[in-house]
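Student: Chains as they are written, first to last, in the working numbering: chain A, 32 to 410; chain B, 5 to 365; chain C, 472 to 943.
Any given hint might turn out to be false.
Claimed, not checked - Using 20 Å as the maximum straight-line C-alpha spacing, the simulated SDA-like pairs for lysine to any residue come out as follows:
1. Lys375(A) <-> Asp273(A)
2. Lys291(A) <-> Leu170(B)
3. Lys179(B) <-> Ser370(A)
4. Lys293(A) <-> Phe176(B)
5. Lys372(A) <-> Arg296(A)
Stated by the list, open to error - Cβ-Cβ distance ranges computed for the label pairs, FRET-style:
6. Asp76(A) <-> Cys51(B): 56 to 62 Å
7. Gly301(A) <-> Leu261(B): 43 to 49 Å
8. Phe263(B) <-> Gly301(A): 51 to 57 Å
9. Asp78(A) <-> Ser120(B): 38 to 44 Å
10. Leu261(B) <-> Thr285(A): 23 to 29 Å
11. Asp78(A) <-> Pro783(C): 42 to 48 Å
12. Lys936(C) <-> Arg152(A): 55 to 61 Å
13. Arg216(B) <-> Ile679(C): 35 to 41 Å
14. Pro783(C) <-> Ser120(B): 24 to 30 Å
Since the hints were derived computationally from the structure, they do not count as laboratory data. For each residue, glycine too, the CB sits at the ideal point set by N, CA and C.
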Amino acid sequence: MPKRGAKILRCVVLGVMVLSVTGCARSQKILERLAIDHTIGYDLDDDQKLFVTAAIINQGEGGKEVKQELITVEADSSKEAKIKLSRQTSRNIVTGQLRNTLYSTEVARKGIRRLIENLVRDPSISPRVKITVVNGSVNELLSSEFPDHPNTSQYVDHLLQKNWKNQNIPQVNVYQFTRDLLDDGIDPVAPVVRRRGDNVLVDGLGLFKDDRYVGKLSADYNMLFAMSRGKYRQGEIYIKLDYQDLDGSVMLGTVSSDKKFKVWRKRAGGFVVEMLLEVKGDIMEYTGNVPLGNSRDIPKIQQGISSYISDKMERMVAIMQEKGSDNVGLGKQIRNSISYKEWKSLNWDEVYPEVTFRCTVKTKIKSTGEIMEVPAFKP
Amino acid sequence: MKERLYSSHIALLVFMIQTGVAALSLSRKAAVYFGTNGWLSILILGCAAALNIVLIAMVNRIGNGISVFEIMDKSIPRFITIPIYFFLTAYFAIIGCLVGKQYIHIFQLIAFPSASPLMLKGCFDLLVLFLVTKGIYNIGKTATVFSMLILWMFFLLFAFSNDFELERMTPFVFKGGRNMLSGAVEMFAAFAGYELILFVMPYADRSKKWMRSVQIGNLMTTLTYLSLVFVSFGFFSLEQLKIMLYPLLDMLAYIQLPFVERLENLLFSFLLFTVVVTSSMYTWSACENAQNIFPKADRKVMSLFIVFVMFLISVIPDTLFELELWLKVVSYVEVALSFLFPIFLILLLLIQKRSGVKSHA
Amino acid sequence: MASNQEPVTLTHVLHDFDQCVDIVHRHFPLLSADIVFFDHLIDNNALERDILRPFANIQADEMHNLLMDSQFRAVTDHKKIIEGILKGDAAVFHCTSVYLVALYGPSSRAIEQSETEAVIIGPHDAFTESAFTNLSLIRRKLKSSHLKVVQLSVGEVVKCDVFVLYIDGIANMDYVNVMIERIRDIEIDIIVDSNMLVQHIDDYPNTIFPLFLTSERPDLIVSKLSGGKVAVIMDESPSVISGPTSLFEFFTSPDDYYQRWVIGTATRILRYIAFIITITFTAAYVSITTYHYEMIPENLLYTLIESRNRVPFPPVFEALLMEITIELLREAGARLPSKIGQTIGIVGGIVIGQAAVQAGLTSNILIIAVALSAIASFVIPSYVMSASIRFARFFLIVLAGLWGNFGLMVGISVIIIHLSKLTSLGSSYITPVAPLEFQDWKDLFIRGPFWMLKERPTQSRTRNKVRQKMKR
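One chain only, chain A, in its complex shape (with noise of 0.2 Å):
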């Protein structure tokens, strides 16, 4: 026998039931009426105002074959062109699905700030959207066709992913950029790509400083610096052999790398920051003249390895200090080996390009491939 509080109760329930029954049908986003946002791309058109090409994964009506269409916009935020863009499509542009944001160089130089600030504002849009800088027109690439990939804006993302799987690019998300952007001793990178007839590729990494593109640096950096940020592991590497009497070329394979950092004052003012790598690899390929086999020799050749990454990473870095920036984060090394007052006191900018950076690298070759080394024919 339920009392008489129950009852009352169980009406309550019931009726509440009734009415929320109409309660959410405004939210609803039902999948196949959105007009679904996969790329969204910034130009500066003449006027310096910002142009917006928006890449949407477009499902056509009636069981069409989901396409993509590119919708252009000129606008002067980024939300002022989802308005207008809106009223360019027949469904609800939403932005859940955004996978990439590409910048031309142009936009990239005047400060990528806002529209990074607003893309981690909107709580639809994922922190891993990617960030990338590209050389040349976004638009005239989102819109350029390849004959082997039919969705540009799909090809773009998924080519930056498969280059970020291989370690060729760090992955840049909006959650790691505006980290790198906000970190005190450390500046973000974003990869550059650019189109080359009928192929999209990956032309180098994009250094920031502070929100500002100040520069690239070429695709072959791409591996250093990969090691310079992190834990390296399953890459590859092509190693030119420049170091007492070697000569030719190695190919290290399953490269893993660990880093650690040392700091310490100059004398004169200033500081020091060597940088410690560790290096292991397979030998993959090699044609250099000092034979394989003999023990005595893959110290040689380990040390030549360990001369042309170090020489290259503080190449590396020397360009980095000409530009201002501070990618590797060297800051962030100094600043955790000298107390709070002093680090909040130092002028980076001014400190940074008199860093001496140096690089000492110990590498160790795991094995020399399958076989023995082939003797050498004699006449």
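Following the hints, position chains B and C against chain A.
Tutor: Below, chains B and C alone, put in the same frame as chain A:
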């Protein structure tokens, strides 16, 4: 076969009352108020809560487990206790409703921007009502099941191992923060909730173990918060952490699985379990107090009334800013109350002990 | 002359069975005796042995001596006589006294395999409708004088025998007494099956979940009894009740114990996964396609959009439509003979499914979701529980359609709150979880190796906790 609140229930119940939406913004607050390595502050706060629980345990020990109301009614005239009960009822009801409202607000922020918050809140309140009317034993049992559905989320922290970097934490301790003290009080709200155990006392299993299980519950909360805030300090950079409204949400959004991504709103919906328990326990405490004002009222009708009033109160703050402000004010009161109330009770008990041999304890 | 000597009770009895053509009345004028019985309730051999042959061999004056034999029970109460005849006794009328002879032995179903709870290995016998056969099946497996059987009867108009079984020294007498009390308290005209009986004795009549385990398998009931639970056998019903029960018992099957423990554990975990799939899969589809498009991984996005593209309804209606179709197929299949049932499966599953997708009524991914959750629901060993869970699923689908993930969680919360309220014979329905008893987990969530299963379940609250002492 009368059901009891076992000590394992109590531990998990305390854990579930304590954890809640506050966890979402905890790492931001730690960063803003304590600056570098702010995660250490969680340890301090956890210890403070543990101390407070010791106070409550003393109330339990001295009073031999009798209910708070009995202690009060024994030596304070009824015209004074009634306003106190009334205040407590109103106060607990307000916390209960704000906690729920905050949850709904965040849910709206991430998933249903255009849905009516009243509808969602109404639904939430129904759930609370549904749980509260089942009584404390069933709340305890429900909290246990719910905690099983929440605790696994702890392992999600390992998903961030790739982007976690110790160097980001810097070697500095508590540098670059501001308003550390008032911030600590605000953060302490994330730990609050264990004080409701005062009202649960008479229903608990009569053994000394159960006060220990309150400590275990608090320890669980502290460890959960600690690991969470620790990971977010290594995952985000400090300045980034300071600007994130709900860093935990962004962390959850970052998790990607092969068959599903953007888990934040799914995982956030899991938090419903703990928020419902939190809100229900506050409502239940409000009901307990109200029951002492109106001993003859039908418990179910009274719960209905209180939940309805809670629903009405929650209509007032309609922006997230307002809500956070309310919560801030309420949390100050809460911290004061959770320390002062047990002390007050201890004093009362001591006076009773000295003056009267009436209590056969 | 015979009619004059007929005792009053015989006419009364015959009058009571007026218009019952199946009653048999035989008159022995030489012995001035009458016997009345139902031909189809008695064992003809017993009749021959206990009545007919002795009657043929004696003279009228020896009748008194014969009736002293043990098979003749003198009865004076008219009501008792009627009851006895209905229970399969033969009533012997001699002079003014009446005797009942127990000859009960109706033709009954032979012991067969259980259709609803088949196992692949392990004993294949199943309970039948005869309570005595069932008792014998249990006693054969539990040869112990500690196995106690209490007889009760239920039904005001028609009495039906109910037997409460427990093992003395293992079962908690509180449970036994509560069970007996509840059965005694039933006041109803008639109860036909033990599944009906269950609903009269459970703690919460309005829940959708079964609060007692009913099984047709003697080995299962024996294991429950030895675990300290109480069993109830009802005559004329092949399912035997056991209690107190926890929710998780419905996910165990006796053959978990007949396999190696790793395989048994894997099967058990599979069932829990099946449970989760059944209850959430379609609801998650509805929630994601209606509100949370951002959760779909990119690779799946295109396929999902394409398959949803032609569907004219919102996902909730689409899902409800297909779920109801599946339930229709299941119900139709269950009612029809097994051969036609298969045809229904093929026609329904393949033809309707295929056609619905082609006609653009549903998306093919939904068909997969619905079919998967239906199949998963049949993995759960208990039919009653599987039906409850399928019902709960509809509730979740509707909520997911209303509020997406939030609705889904609200639904799950409601179910959990409801479950934590439930009790079975006064003990918590979700026992090893709340109250938290980790030692039970190894026998409910996994099937631990036997050296781990040393204690009886805590839910039984037995004094005799230790089940095995082997130190290995």
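Student: Failing hints, ascending?
Tutor: The structure breaks only hint 1.
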